[in-house]
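S.K.: Each chain, letter by letter, is given below.
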Amino acid sequence: MSEGPLDAFRIQKEPYYQALADEISLFEAAYTARLPVMLKGPTGCGKTRFVEHMAWRLRRPLLTVACNEEMSASDLLGRYLLESGATRWQDGPVTMAARHGAICYLDEVVEARQDTLVVIHPLTDDRRLLSLPARSEVLRAHPEFLLVVSHNPGYQSALKDLKPSTKQRFGAIAFDYPSRALEIEILIHETELPRDLAERLVSMAEGARRLKGHGLDEGVSTRMLVHAGELIRGGVGVEAACRMALVQPLTDDPDLVSALNTAVRACL
Amino acid sequence: MKHRIDAELPAGPSHLVRALWGFEVRVRPLPEGEDPFVPRRPRFAGSNLWLPSSPLLGVPGSFPDYLFAACAHISAHLRFGAARFDVKSLKPAQIAIVSLLEDARVERLAIAHYPGLERLWAPYQLARADGAKTSLSLLARLARALSDDAYLDDDAWVNKGRQSFLEARATWHDSDLCRRIGGALGNDLGQMRVQFDAKNYVVEPAYRDDNTGLWHFEQESTEDGAEFESEGVRRVEGEAPTPKRREHQEPQVTPALERKGGERQPALRLAATSEVPRATQHPEWDYVIQRERPAFCSVLERSPASTDAAPLSSTCDAHSQRRLERAAKRLADRHPARLRRLLDGDRVDVPAAVAAVVARNSGAPPDPRVYGRVRFRLEPPALLLLLDLSESLNAATPSTGTSLLQLARSAATLLATSLSTATSDLAIHGFSSNGRHEVGYYRFKDFDDPFDEQARARLTGMRAQLSTRLGTALRHAGRALATRQAPRKLLLVVTDGEPSDIDVHDAKYLLFDAKQATYLNRRLGLLSFCLGLDANAEASVARIFGARNYSLLDEPEKLPERLAEVYLRLSA
Chain H
1 MSEGPLDAFR IQKEPYYQAL ADEISLFEAA YTARLPVMLK GPTGCGKTRF VEHMAWRLRR
61 PLLTVACNEE MSASDLLGRY LLESGATRWQ DGPVTMAARH GAICYLDEVV EARQDTLVVI
121 HPLTDDRRLL SLPARSEVLR AHPEFLLVVS HNPGYQSALK DLKPSTKQRF GAIAFDYPSR
181 ALEIEILIHE TELPRDLAER LVSMAEGARR LKGHGLDEGV STRMLVHAGE LIRGGVGVEA
241 ACRMALVQPL TDDPDLVSAL NTAVRACL
Chain D
1 MKHRIDAELP AGPSHLVRAL WGFEVRVRPL PEGEDPFVPR RPRFAGSNLW LPSSPLLGVP
61 GSFPDYLFAA CAHISAHLRF GAARFDVKSL KPAQIAIVSL LEDARVERLA IAHYPGLERL
121 WAPYQLARAD GAKTSLSLLA RLARALSDDA YLDDDAWVNK GRQSFLEARA TWHDSDLCRR
181 IGGALGNDLG QMRVQFDAKN YVVEPAYRDD NTGLWHFEQE STEDGAEFES EGVRRVEGEA
241 PTPKRREHQE PQVTPALERK GGERQPALRL AATSEVPRAT QHPEWDYVIQ RERPAFCSVL
301 ERSPASTDAA PLSSTCDAHS QRRLERAAKR LADRHPARLR RLLDGDRVDV PAAVAAVVAR
361 NSGAPPDPRV YGRVRFRLEP PALLLLLDLS ESLNAATPST GTSLLQLARS AATLLATSLS
421 TATSDLAIHG FSSNGRHEVG YYRFKDFDDP FDEQARARLT GMRAQLSTRL GTALRHAGRA
481 LATRQAPRKL LLVVTDGEPS DIDVHDAKYL LFDAKQATYL NRRLGLLSFC LGLDANAEAS
541 VARIFGARNY SLLDEPEKLP ERLAEVYLRL SA
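Protein chains in written order, with the working numbering: chain H, 1 to 268; chain D, 1 to 572.
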């Protein structure tokens with residue numbers, strides 16, 4: 001295999017991923033059918049890690065785009081650059097992935113302007129075409145190309161949502177925080193914490209998740225637990241690490257902060 | 001007995017219980033005692049908690065920590081306790097000892113789940129193995145011996161109690177052991193001829209509840225008890241860890257405010273308008289039961305009276321008006337902006353590219369910023385300006401004597417005039433309430449209507465009267481605003497203080513309802529912002545709208561400018 005230009009985007013080492021349910025086989029089936037995939041779930045539950053893992057498993061390069069409101073169609077498709085008196089076309093990440101057969105991952109896709117995303121529509125149905133008007137080119141997607149997007153339905157869902165015409169092009173896999181046993185395993189694997197400490201951190205996270213909707217917009221994520229574990233491994237005291245990684249990033253409300261700090265103390 | 005309930009308790013303790021066990025408790029201030037030197041203890045009945053609102057005498061450590069410790073202790077009762085004990089033939093000393101054992105039992109079980117709770121409770125265990133062996137000190141020593149394995153005591157009775165309790169370790173899940181061990185210990189105490197002074201007995205350590213929540217007493221109809229009981233017991237959601245705890249589980253049906261204020265029929269005064277107003281029902285949040293009362297308040301939409309439009313009063317200087325109009329024009333400009341001379345962009349900025357080529361050909365270093373980009377402007381947000389039209393707006397400002405109502409009118413007129421070229425997604429509504437059945441709501445200018453002579457006339461005819469049921473108005477306005485098709489939706493509220501109404505006597509009730517309404521509006525995707533005309537109302541306004549979403553005016557005369565500034569800041 002020689003997809004020369006994208007070698008830098010190949011994932012060499014297996015990214016650790018602990019399957020929560022049948023998402024790996026579902027993704028593989030979607031890949032076989034070349035069905036674009038949408039990953040839904042709360043922040044920090046492992047969506048991005050899952051895509052990396054799948055890219056490694058399927059041996060495809062992975063191009064990730066963090067979407068934002070300022071992003072324009074040419075940020076996705078590509079543009080002309082000036083170079084030593086001449087112009088040169090530079091493929092954008094979507095074009096590059098479609099041309100060379102990579103997995104293109106649009107992270108937090110609702111953050112992009114919804115009119116911008118319309119440019120990917122022809123790529124995501126059975127045409128699998130990308131039209132590049134600036135270059136007068138119609139690009140037929142590489143047979144191995146796959147588009148993956150992620151979004152967090154709990155977050156600002158009333159303000160920002162995908163157009164139904166965009167949503168319906170995807171098959172979707174829903175993610176949630178792992179079960180207690182799995183989350184403990186993940187934490188131990190990622191941070192090498194002793195098991196009893198990992199169990200306590202997970203108890204703490206479960207407590208904070210019960211406050212979701214009662215003042216908290218989002219609960220403690222698996223990623224935050226890993227952060228706390230890394231701080232502890234780096235020599236920070238357990239309570240201080242929890243305050244820094246779990247409590248303070250979550251809320252500014254003084255009552256909630258004091259309640260969470262006390263819950264941290266109760267778990268330790 | 002009159003209770004002082006204006007004291008504030010932080011919300012932290014109930015959050016802690018939800019985080020630890022996943023169920024909800026209602027925390028309220030413990031009534032002040034008649035005699036400040038009689039020690040008080042927290043109390044609970046079902047999921048109702050009464051905690052002191054100020055530090056108790058002789059309790060070490062910080063007061064917030066004390067509240068957490070007390071709340072965690074009671075939550076352990078709720079989580080691990082069973083049905084209330086029957087008093088039957090137990091003597092007062094036995095009741096006290098059984099309660100101590102039950103306290104220790106539920107704490108041990110809670111610590112098995114959350115080991116750190118031990119450190120939360122330990123600082124309050126102050127009993128020492130010395131001094132006179134009164135019943136009070138012996139019970140405090142027993143309490144410590146049951147919880148603190150490192151504690152050494154030389155008293156045979158205390159050690160016997162500890163030993164029996166620890167030997168029963170395997171059956172800690174069963175509260176019957178407390179009755180068995182406690183009964184025996186009580187008999188021993190009697191044989192030791194230690195007098196138990198039931199009247200002056202107070203539970204130690206101080207974070208523990210007074211045990212009344214653990215027992216079925218024959219008569220619970222003392223005046224004090226009745227007041228506590230009448231609050232009712234209601235588990236708000238989810239699992240009920242103590243299903244058979246109470247017979248008194250009847251939820252309280254009549255809300256406190258109705259009991260006190262009485263049912264009110266809509267007053268004739270307001271209802272005598274020419275047309276029959278449309279009534280819309282809204283729920284109301286009752287912080288006491290932590291629930292919404294469905295369809296509790298009625299909003300009556302009324303057509304505002306109009307008067308011949310008077311010219312815009314000169315409370316706003318020409319300078320800020322010009323500034324606002326300029327800013328509004330910028331907002332109205334929906335053409336995409338072309339950004340030039342960028343290092344990176346969608347297209348080549350031709351003049352810059354030519355200059356770069358010229359520079360290179362003449363041997364000078366070319367400027368690499370030869371790209372351009374088109375930037376789309378954000379649409380202006382949909383704006384609903386909600387005016388509080390309660391009686392207090394008739395007050396005049398101390399310095400100029402202009403009424404607050406007049407200022408609100410000028411501010412609304414200025415904003416609407418300036419924005420009329422930029423957007424029609426602007427509505428000006430107002431409200432004043434007369435009890436929950438009659439929240440008057442006026443639309444001076446609605447979305448998509450032009451700001452014309454009629455709208456001006458309606459604003460001029462605006463009157464201030466009656467009260468401020470803010471939460472209901474926020475819900476009604478939120479519903480109107482949420483239906484707009486705009487990328488951002490802004491609810492600007494002008495009010496002169498905290499919500500109040502004639503049928504509500506608990507100042508916090510409407511405040512929490514308004515807070516809840518703001519929270520729900522946020523969930524609808526609305527951004528709420530409050531301009532407060534009373535600089536002293538900071539606490540309530542901050543509570544309702546959140547720390548960053550309000551601005552208070554030291555000089556109410558500045559309202560028109562400040563309203564415009566706030567709008568521009570939020571819509572930029």
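FYI, nobody ran anything at the bench for these hints, they're computed from the structure. If you're wondering where the values come from, they're calculated on a predicted model, not measured in any experiment. Accuracy of the hints is not assured; some may be wrong.
[What the hints assert, rightly or not] Here are the simulated distance ranges between beta carbons:
| # | chain 1 | residue 1 | chain 2 | residue 2 | range |
| --- | --- | --- | --- | --- | --- |
| 1 | H | G237 | D | L152 | 23 to 33 Å |
| 2 | D | P487 | H | A21 | 34 to 44 Å |
| 3 | D | V374 | H | E230 | 34 to 44 Å |
[As the list claims (entries may be wrong)] Computed, partial: chain D to chain H, Cβ under 7 Å:
| # | residue |
| --- | --- |
| 4 | L9 |
| 5 | R18 |
| 6 | F68 |
| 7 | Y114 |
| 8 | P366 |
| 9 | V370 |
Glycine is no exception: its CB is placed at the ideal position from the N, C-alpha and C atoms.
S.K.: Hints first: check each against the structure and report whether it holds.
M.R.: Results of checking the hints against the structure:
1. G237/H to L152/D: 23 to 33 Å: holds (30 Å)
2. P487/D to A21/H: 34 to 44 Å: For A21/H against P487/D, whose Cβ atoms are near 36 Å apart, the range 34 to 44 Å holds.
3. V374/D to E230/H: 34 to 44 Å: holds (42 Å)
4. L9: Violated: closest Cβ of chain H sits about 10 Å from L9/D, beyond 7 Å.
5. R18: holds (5 Å)
6. F68: holds (5 Å)
7. Y114: Holds, because the Cβ-Cβ distance from Y114/D to chain H comes to roughly 4 Å (cut-off 7 Å).
8. P366: For P366/D, the interface hint is violated, since the closest Cβ of chain H sits about 10 Å away, which is over 7 Å.
9. V370: holds (6 Å)
Checked against the numbered hints given earlier, this structure breaks hints 4 and 8; the rest are met.
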